[in-house]
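Peer 1: Hey, can you work out the whole structure from these sequences and the hints?
Residue numbers (the numbering used here), protein chains in the order written: chain G, 238 to 325; chain C, 238 to 325; chain W, 238 to 325.
Since the hints were derived computationally from the structure, they do not count as laboratory data. Since the model is a prediction, treat every value here as computed from it, not as a measurement. Any given hint could turn out to be false.
Said to hold, decoys possible - Keeping only pairs whose Cα atoms sit at most 25 Å apart, straight-line, the calculated DSS-like set for lysine-lysine is: (1) Lys241(G) x Lys321(G); (2) Lys321(C) x Lys241(G); (3) Lys253(W) x Lys262(C); (4) Lys325(W) x Lys262(G); (5) Lys241(W) x Lys325(G); (6) Lys253(C) x Lys241(W); (7) Lys253(G) x Lys241(C); (8) Lys262(C) x Lys262(G); (9) Lys325(C) x Lys241(W); (10) Lys321(G) x Lys241(W); (11) Lys253(C) x Lys253(G); (12) Lys325(W) x Lys253(W); (13) Lys241(G) x Lys325(G); (14) Lys325(G) x Lys241(C); (15) Lys325(C) x Lys253(C); (16) Lys241(W) x Lys321(C); (17) Lys321(C) x Lys325(G); (18) Lys321(G) x Lys321(C); (19) Lys253(W) x Lys241(G).
Said to hold, decoys possible - Every beta carbon over 10 Å from chain C, so not counted as near; a handful from chain G, in silico: (20) Cys242; (21) Leu244; (22) Arg273; (23) Trp314.
Virtual Cβ for every residue (Gly too), placed ideally from N, Cα, C.
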Amino acid sequence: DNQKCALDGLMSSLTKSVASAVLEKVTLSCIDASARGSLVDCPAGYKPTGCSCGNACGSWDIRNDQTCHCQCANQDWTAARCCKIALK
Amino acid sequence: DNQKCALDGLMSSLTKSVASAVLEKVTLSCIDASARGSLVDCPAGYKPTGCSCGNACGSWDIRNDQTCHCQCANQDWTAARCCKIALK
Amino acid sequence: DNQKCALDGLMSSLTKSVASAVLEKVTLSCIDASARGSLVDCPAGYKPTGCSCGNACGSWDIRNDQTCHCQCANQDWTAARCCKIALK
Chain G
238 DNQKCALDGL MSSLTKSVAS AVLEKVTLSC IDASARGSLV DCPAGYKPTG CSCGNACGSW
298 DIRNDQTCHC QCANQDWTAA RCCKIALK
Chain C
238 DNQKCALDGL MSSLTKSVAS AVLEKVTLSC IDASARGSLV DCPAGYKPTG CSCGNACGSW
298 DIRNDQTCHC QCANQDWTAA RCCKIALK
Chain W
238 DNQKCALDGL MSSLTKSVAS AVLEKVTLSC IDASARGSLV DCPAGYKPTG CSCGNACGSW
298 DIRNDQTCHC QCANQDWTAA RCCKIALK
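Peer 2: Structure (structure tokens):
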């Protein structure tokens with residue numbers, strides 16, 4: 238009926254309007270973490286997107302979706318690039 | 238007029254409320270993929286954010302927005318960090 | 238009262254509807270940037286999620302949340318993986 242149609246139209250308009258507003262507010266927010274040795278954690282809420290290693294080492298893995306682990310022997314330092322979705 | 242202002246206020250409140258609710262629900266979701274050799278794909282829906290290579294190699298490129306390619310000779314393994322936007 | 242309950246229900250429906258709509262519209266969008274030497278910028282609006290370096294070098298850092306810097310001596314090229322949240 239008419240009321241149902243009016244409400245559907247309202248919901249559709251609201252959805253589009255609010256979806257656009259939300260998209261304008263969110264961004265990819267990234268920080269760096271580094272530590273001596275072969276392991277470094279991203280802070281809570283951030284996910285590792287890549288790791289950098291001392292001694293020119295390019296072999297690494299990510300543990301528990303939180304920790305960068307550089308694999309070379311005698312690893313002097315390890316760094317993590319850590320990102321999350323955030324408000325602008 | 239008053240009705241117009243009331244509706245604008247409602248829309249503004251709704252936008253803020255829903256934007257906050259949506260942000261609480263979305264997250265950056267990441268997984269790892271690895272394979273022997275010099276190439277590995279991210280699963281459909283995921284994008285590579287970085288690559289890790291065997292033999293300490295730090296030279297890589299990403300092909301077709303989907304595949305990590307490690308560039309060193311005799312590459313023993315290649316890994317991809319693969320991320321997408323997902324519901325928490 | 239009834240009006241309050243009706244509004245709460247509307248808000249809840251709207252939130253779910255918009256959250257779904259937003260998730261269907263947004264994606265992680267990534268590109269690559271590369272340059273000779275030891276530095277390369279991501280384009281405006283993109284954030285570096287990882288860096289790749291010539292000469293098999295796996296030691297890098299990110300400057301000003303925008304620039305990949307490869308650390309090895311005589312760095313021949315530097316590449317950045319650059320991502321943002323975008324519309325599908």
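Peer 1: If you draw a straight line from the CA of Lys241(W) to the CA of Lys321(C), is it 25 Å or shorter?
Peer 2: violated, 38 Å
Peer 1: Lys321(C) and Lys241(G): Cα distance at most 25 Å?
Peer 2: violated, 36 Å
Peer 1: Is the hinted pair Lys321(C) and Lys325(G) satisfied, with a Cα-Cα distance of at most 25 Å?
Peer 2: Roughly 19 Å separates the two Cα atoms, so the pair holds.
Peer 1: Can the restraint linking Lys321(G) and Lys241(W) be considered satisfied, given a maximum Cα separation of 25 Å?
Peer 2: violated, 36 Å
Peer 1: Confirm or reject: Leu244(G) is not an interface residue toward chain C, with every Cβ-Cβ distance exceeding 10 Å.
Peer 2: Fine: 14 Å to the nearest Cβ keeps Leu244(G) off the interface.
Peer 1: Just to be careful, I want the Cα atoms of Lys241(G) and Lys321(G) compared with a cutoff of 25 Å; is the pair within it?
Peer 2: violated, 39 Å
Peer 1: Going straight from one Cα to the other, do Lys325(W) and Lys253(W) come out at no more than 25 Å?
Peer 2: holds, 20 Å
Peer 1: Please work out if Lys253(C) and Lys241(W) have their alpha carbons no farther apart than 25 Å.
Peer 2: holds, 19 Å
Peer 1: Is the Cα-Cα distance between Lys241(W) and Lys325(G) 25 Å or less?
Peer 2: Between Lys241(W) and Lys325(G) the Cα gap is close to 32 Å, so the pair fails against 25 Å, i.e. violated.
Peer 1: Below or equal to 25 Å on CA atoms is what counts here, so check Lys321(G) against Lys321(C).
Peer 2: holds, 11 Å
Peer 1: Decide if the proposed pair is consistent with the structure: Lys253(W) and Lys262(C), CA atoms, cutoff 25 Å inclusive.
Peer 2: holds, 10 Å
Peer 1: Starting from Lys262(C), check that the Cα of Lys262(G) is at most 25 Å away, please.
Peer 2: holds, 14 Å
Violated hints, in rising order: 1, 2, 5, 9, 10, 13, 14, 16; the structure is consistent with all others.
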